Amino acid sequence: MLKSVRKERLVWLDIMITLVTLELMSYFYYGIRSLVLAGICIAFGFAADLLSLRLMGRKFTADDLTCTSDALMLSLMFPAVIDFKIAGIAVVFATVVAKNLFGGRRNMIFQPAAAAYVFVLTSWGRQLLQFTEPHVKTGVFEKPDVLVNSASHSFNMTGVFKHTDFEILLGNFSGAPGTVSILLLSVAAVVLMFRKSISAGAFLGTIFGTGFFALLTPMVSQRGASLKYSLVTNMVLFAAIYIVSDLRIAPKRNYYAFFYGLFIGVFSYVLVLTGAKENAIVIVSVLFTPVALGFKNLEKKIDTAANEYENTAASTGNKTGEGEISVE
Amino acid sequence: MFLINDLIALLAANLILSQALGTSTLFIAAGSRKNLVATAGVITLFTTIGSAASFFIDLAVPSSVSDLRLLFYTLVIAFLYVALLIIVYKFGSRWFEDMRKYIHVSAFNCAVMGTLFTINKRADADSALSGFGGYVSAGFEAGIGFVIAAIILTAAYRKLNSRKVPAAFRGFPAMLVYLGIISMAVYSLK
Amino acid sequence: MNNRKKLLFGGVLGDNIVLSGLMVISPVIICGDTLKNAEALIYAFSAITFLSVLISSFVPRKLPYTAKIIIYAVISSLVYIPVRLAASEFYPESIERIGIYYPLLAVNSLIVFQTEAKFYRMKKADMIISLLSCILGFDLVMLITGFLRELFAYGTINSKIVDINTVINGLAQPFGGFIFLGLMCGVYRYIRGMVSKNNNEVRSGTDVSDK
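Chains as they are written, first to last, in numbering that gives the first Met the number 0: chain A, 0 to 327; chain B, 0 to 189; chain C, 0 to 210.
Everything labelled a hint here was simulated from the structure, so no lab data went into it.
Hints may contain errors.
[To be verified] Sample of chain A residues at the chain C side, in silico, Cβ under 7 Å:
1) Lys84
2) Thr121
3) Thr273
[To be verified] From the derived model, a few chain A residues whose C-beta atoms are all more than 12 Å from chain B:
4) Leu64
5) Asp164
6) Leu169
7) Asn171
8) Lys227
9) Leu270
Here the structure is a predicted model, which means the values were calculated and not measured.
Ideal placement from N, C-alpha and C gives every residue a C-beta, glycine not left out.
My request is simple: use the sequences and hints to build the entire structure.
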């Protein structure tokens with residue numbers, strides 16, 4: 000029990016460390032506004048969690064700090080110039096509606112950041128999908144002069160990605176600040192997988208599903224380019240690490256988690272390919288929540304059956320043992 | 000690939016997720032596997048056969064007296080309701096007691112009546128759907144949509160009714176919010 | 000008298016058909032996004048339900064259950080016709096917007112199933128009070144939903160612009176209806192739980208003082 004509690008906190012810490020590095024990169028490209036946005040999101044997430052837990056008659060413990068990582072995740076998926084009010088509403092939605100209403104971290108159904116992202120997408124889609132160019136640093140309360148579509152959007156619509164590999168690795172292209180730093184995300188993925196802070200099965204499944212379909216039915220003429228761009232655009236890497244592979248949501252066994260991730264990867268790739276749906280992976284991950292729950296139910300049944308089998312075997316063994324003794 | 004697109008189209012056209020038709024019945028269906036199979040089966044029967052019958056009603060009833068459509072649809076469903084009860088009683092009297100309640104629940108509800116009206120509306124808007132085949136397939140699709148929505152809810156049923164959910168939200172309120180979030184994801188795919 | 004009071008408030012607060020019984024929720028979810036829609040739905044629901052249940056109460060009790068259900072449905076389908084014709088005079092725009100949910104009100108579970116399970120087991124006067132209370136309960140939920148959703152989704156109240164600078168468009172969509180109704184159900188249950196807890200406390204307090 001103690002071990003599992005400790006593990007939960009360590010997972011939060013690992014996730015936070017990687018998210019903070021992404022936030023620093025975001026600060027480098029978008030300036031102070033990005034930091035303020037993250038701060039507002041974390042403050043709102045913390046306050047909403049504290050208040051709703053109190054209403055539920057529960058105490059706020061260190062394990063409940065996951066609300067801050069969810070909030071930070073969300074802020075990294077937003078453009079740095081998004082209206083602070085929208086960000087605040089989204090974080091409250093993530094914490095209260097998508098998480099605590101269902102019982103909080105002990106009974107997670109949706110990945111809070113993903114649900115809140117879809118919520119913002121349906122209500123403020125234009126604000127969510129318009130960005131400033133990297134290195135355009137707006138003040139905290141200033142409005143930017145020029146907003147552009149993300150590089151993912153341009154790629155989805157035209158099949159052209161006008162950035163060098165070096166720029167891609169460093170995240171020097173327009174898009175949600177935390178989701179474009181491919182090098183950092185790759186390192187984060189490896190670290191989190193080795194530290195077992197994300198579901199390796201779900202992560203690999205998502206990457207494999209997206210990659211396999213990118214090779215099978217390429218988006219652009221060259222299969223290599225299709226593979227590369229399908230993984231670096233549309234938040235695929237970010238979502239594969241922090242949303243699909245979230246240990247609270249993904250099936251526990253890597254075998255099932257792999258298939259869960261695989262389905263998400265394939266579905267989102269097809270949606271991008273056929274409908275040019277930007278950041279489809281986040282939407283699909285919410286839509287596939289019942290699949291994750293189904294796998295989890297299956298796991299529970301298997302565990303129960305295994306326990307029953309062990310108990311029966313043990314009791315049969317005991318009886319046999321007694322029998323042997325009596326024979327002697 | 001086409002299969003995935005079809006599945007997404009089926010989700011987007013789902014009468015529960017997009018029009019909230021038959022939500023209360025869905026909550027009953029998702030309660031157990033037996034409820035799910037029986038209710039979904041009976042509802043699919045009602046929507047499919049009902050749609051076939053409504054094709055002839057729509058042909059016969061002129062648009063000037065379209066307010067009478069509800070009455071005719073009600074009569075069709077009433078006929079199906081009685082027929083199904085008789086058939087189950089005659090040929091499956093062993094299951095009659097069990098099946099009876101599902102037939103009662105499935106006959107007059109928004110899932111079935113709503114399907115008939117929705118198909119009529121779609122047929123008015125799109126002539127490709129106004130044939131007999133279009134009506135029947137749309138009715139069957141609506142039934143399948145109900146099954147999908149019921150499966151989606153069944154997957155989370157235990158968690159939504161768990162003691163960990165705050166008492167005020169346990170059960171129906173949590174189910175509504177859960178369906179709302181799934182419906183939101185489906186909506187954002189459009 | 001006390002019983003009558005209970006019946007009167009029961010359907011509104013204690014056992015609301017929408018928030019507690021989850022009946023007639025499709026129109027609330029889909030069409031309850033403006034006050035005008037809410038008004039039109041309130042009119043239709045109140046008229047159809049009241050008249051249908053009242054007329055249906057004359058159906059002989061001895062008929063088989065299935066026959067009675069069918070007769071109730073047919074009666075409400077007939078009542079729907081004049082109500083609909085009158086509505087097209089008063090709410091022509093809303094009728095268009097409400098679309099298929101208008102006729103669906105006629106086959107709502109309050110008429111088709113609750114009549115048999117609840118209303119017809121009461122005396123006529125009690126039945127009417129209880130029915131009115133149930134209708135009022137629906138009307139109240141519809142009004143609150145229409146008002147709040149219109150305010151936050153469109154930034155208007157009864158089509159008049161209000162100074163709200165961040166509107167949540169999604170609240171006007173079906174998913175917004177689902178989430179809003181879910182939250183409303185939860186809040187209703189929370190308040191009901193608190194009230195009944197207080198009542199119990201008061202009652203137990205009285206008991207002690209009586210001793």
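Comparing the hints with the structure gives:
{"no.": "1", "hint": "Lys84", "verdict": "5 Å, holds"}
{"no.": "2", "hint": "Thr121", "verdict": "4 Å, holds"}
{"no.": "3", "hint": "Thr273", "verdict": "23 Å, violated"}
{"no.": "4", "hint": "Leu64", "verdict": "19 Å, holds"}
{"no.": "5", "hint": "Asp164", "verdict": "29 Å, holds"}
{"no.": "6", "hint": "Leu169", "verdict": "30 Å, holds"}
{"no.": "7", "hint": "Asn171", "verdict": "29 Å, holds"}
{"no.": "8", "hint": "Lys227", "verdict": "21 Å, holds"}
{"no.": "9", "hint": "Leu270", "verdict": "7 Å, violated"}
When held up to the earlier numbered hints, the structure conflicts with 3 and 9 and fits the remainder.
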